[in-house]
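Chemist: Going down the list, the sequences are from chains V and D. Count along the first sequence from 1, then add 606; that gives the number in our numbering. Count along the second sequence from 1, then add 31; that gives the number in our numbering.
Here are the simulated lysine-lysine pairs, DSBU-like style, with alpha carbons at most 35 Å apart: (1) D:K89 <-> V:K744; (2) D:K67 <-> V:K744; (3) V:K775 <-> D:K67; (4) D:K89 <-> V:K775; (5) D:K67 <-> V:K749; (6) V:K749 <-> D:K89; (7) D:K67 <-> V:K777; (8) D:K89 <-> D:K213; (9) V:K705 <-> D:K273; (10) V:K748 <-> D:K67; (11) V:K777 <-> D:K89; (12) D:K89 <-> V:K748.
Listing some non-contacts, in silico: residues in chain D with all C-beta distances to chain V over 12 Å: (13) M32; (14) K51; (15) T164; (16) E220; (17) K236; (18) E255; (19) A307; (20) E312; (21) F314; (22) K326.
Don't read these hints as lab results, they were simulated from the structure. Beta carbons are placed, not taken as given, at the ideal position from N, Cα and C, and that holds for glycine.
So the chains spell out like this:
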Amino acid sequence: MLITDKKLKELNEMAAQLRCDVIEMLLEAKSGHSAGPLGMADVFTALYFSGILNVDPKNPNWEDRDRVILSNGHICPIHYAALARAGFFPVEELKTLRKFGSRLQGHPHAGILPGIDNSSGPLSQGSSIAVGLAYAAKMDHKKWQVYCIAGDGEQQEGQTWEAAMFAGKHKLDNLTFLMDRNNIQIDGFTEDVMPLEPLKEKYEAFGWHVLEIDGHNIPAIIDAIEHAKSIYEEPVMIICHTIPGKGVDFMEWKPEWHGKAPNQEEALKALKELRTLQGRISSEAE
Amino acid sequence: MINKNLKLNPKIFDPDVEQKPTRDGYGEGLVLAGQKDSRVVALCADISDSTRSAMFQKAFPDRFVETGIAEQNMMGLAAGMAMAGKIPFVSTYAVFCPGRNWDQLRVSVCYSNANVKITGAHAGVSVGPDGATHQGLEDIAITRCIPNLVVIAPCDAIETKKATLAAAEYVGPVYLRFAREKTPIMTTEDTPFEIGKALVFREGKDVAIIGCGPLLHNALLAAEELAKEGIEAMVINNHTIKPMDKKTIIEAAKKCGAIVTVEDHQVMGGMGSAVAEVLAENFPVPIEFIGMKDKFGESGDPNELIEAFGMGKNAIKEAAKKVIQRKK
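Just chain D, same shape as in the assembly (with noise of 0.2 Å):
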């Protein structure tokens, strides 16, 4: 049963809803975002109709800033920035940022707890036909392995500019990470967003699916073909990867007994792995992790890919029975 509370969108499973990239909602959060607050600016390496900076770029010209293709100093001039009160947002492709300028982010931004937000466009696989050099993989596991970082991944368009919100208003640094496809929009205005709280898409308990980022669509629908075959599955979005909801991933495994994390991530060190550490220390049950296992993406059409890699809507079926089986 979809979580009525949490006022999703009633047309989550119609063929025909709404899909918009979140990276749209990112550059429409940041013009909010900028509007409420003069101390925002925007940074961007070349590429900020991509990342949608550009949209900032236009409503404040003057607090825009164009790095060129130079994303380690990006990071560090956004450093020295925030040290002076602005509030700096970085955007590029996630393989960049966090992927180039990992050493920058960890001292001069993390050590220092810089208020600086940094946002990696153009994750997972389903970036499509760029191939795998553009296909952000790992920047979930190289960023919450720093301390002071939040890292957050947003499941649509909406959340994502909700999540850009409170990012703007969150004191310290925050990763946030979006695809680049035009995703099913699940929520609405009204769904609740707050940083570090998970959200019970669907009650079930059979199986809990945790999943992050759009992929979260394929495991609703994934749950809803498993209630025709009587398995009731909680589908839950983990979209704060740190800190993690720990309460609500922790009474899901007591419920379920069972665990399937879904994202569009190498599965070591991703959100399942997050997930699994806290399972581990807390209340061990049997987990499938939906991800990429350790390879690279290719070239594609992004849900040839997503189905050739093993993160489409059967695939996460076939986990949710292996793992209902593994459950002593």
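In isolation and in its complexed conformation, chain V is listed as follows (with noise of 0.2 Å):
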């Protein structure tokens, strides 16, 4: 897909702004997680704002959309951010998030929220559902796409790999995984805590197409996804390369900010860093 440059500074905006947005939300809720939600910006912006997906904020059950599966479900703020940009719900609702009574639950619970097709936390829950929903979309010989957004810590998961083997018997060419490949899960770095690399190798011994991308290069991801599209008869996975908290100097690769909401303090701090691009552009407030 050909971005132009003014299609690609709006996707970055965009990405700041969700980044605002998930900043707000947790400092509102007083808990949450920081840096996952952060470090997905720039997917989930290239997946809700470039127009790769197909999906209809007006009608959000629509029976041949492209299913979008959160297996990761505690970054979700990213997710209902991006939602609530792309139409699906209105957006002051994002600051409900983890309130009593609110349809943004603390991890996402499907069927009360447009746009959340699944109910995921427990890790890796999501990898066999998406790769359900894409053996029944394959017998039905429907076209559309499933997507999986699955962290790198859940790939320590034994279902993971249930799955993953699942999938590549079948050649489900229909399915794509992002994986947010950040490098921290809540003890510390993957690599300390229990190492997945190659991960590559990996997937590609269970029967995959594996490519690997900087997450934060929106034109990337859209490449990615576009010739994820192209594969024949294989699963795909996007590893993305991920910096945890990106955006956020002083969360950006501190496992202790995994899962951890910012105080008023830091929280200020924090969207004036996003809003002035790390201090690349000159702040409003300023």
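With the hints in hand, could you dock these two chains into one complex?
Modeler: Rendered as structure tokens:
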């Protein structure tokens, strides 16, 4: 897909907007995960705002829509922000995250919020759901695609590999995974906690086609998803190398920000950074 | 007195009453469900002959999914397929499903209210020689505590067939429990079956024996023998553990004033516990529980094990007499 400079500028602005939404939501909620949602802002922007995804915010349950399955449910603030900004539900509702009576549960609950197809939280469950959807679509000769957003930490779950084996056996080429390879999990860096590498070779051994990209390069993300659609008879794993906490200096590469929300002071600092693109442009406030 | 309205098997007390495993009823029901609705699909984790899902595979090879020995993935696949409009039935042994994939059942299926039908075969100590690892004795406890999930333990192959068809028509997650061995056919094609509607198999006034699964036959035999001793026992087929037919259970407690529950399952958290919850809240009466008493099973002949673990006809009779003594 050819992206004009103007479109790219808009997409980068949207990614910054989604990151701001995430910080504001987490501040309001006083709990939640910071690093993952910030790190995946560019991937969600590419998915929901480049036109690559075949969904209709006004008809969220449209039968022939592409499916987006979030497996690492704890990064849902970024999914919620993307859905709201794409028009699936009012942006004001984002502030209800994790509050009593909200449709924006701390981890996603399927069926109550437009655009959220699966409940997730216990890791790797989304992998099997995505594979099941892709298999059913093949049974019925449906043209829609299944996208699954997965974390790298959840590659430690056995279920991940059960699902990978099944998808490989059945050559589910309507299935594309986007793995957030940010190298952190709650207890530290993945390679210290329980090494995952070589991930590419592992998936290839399971019969997948694997692409590795910079998960903050929006044109590269779009290209990879386009490329995935052209792959025949293999499920596709796009390993998105991301920086946890991307966009907020004091959160970047810090495992301690995996499962923590910012306080007022930290949130203001983060928002200032995001609005000035880490000091590269002058702040409106200054 | 046997309830004539239910059109039970007239040969129910004959020594040569026809015997058939409940899982056979599942296989037959699944094929019928598949004929009635093209959305029905079946998934099995490497034991399709044993769970009888092979009968469906033979009838509808394109709608059968072999998942390999991967029960967690099987549950998730089913959730995904349900989200695409299918009506998936997942089958393996109860010790693995819901035993091994309970988290996937809880979140991928029940929290999302996905239209998945979960079946646990080889439930109960009556599995026999395979031993404790393969005798599912906790499945009722761990399924009935999950919101949105219907839990059914049919009493014979014919009722299992009807329960399978009812599960296919019901929209939402359902758990069905089967046994391994051949067990007496108690019902007929004309016996009614409705999810959540218990059946009074035998009328009585002194004690109500509330059972589920094939052990109901022992309950009926016990009731016949008790009648010879002047004790009239009501026998209830409480096939739907959730949502439970509270009305029938409370009425039985009011009429008889004493209850014996019978199940091939751990007493803790099982059908009897569910009955106790209903009665404790609404009409407390003495209850005796027949089932596994916080023990693992072991290898042996099924009937030998049922007797050894206190679930035989005589144990039920003893429990009935004991609970009648406890009436104030």
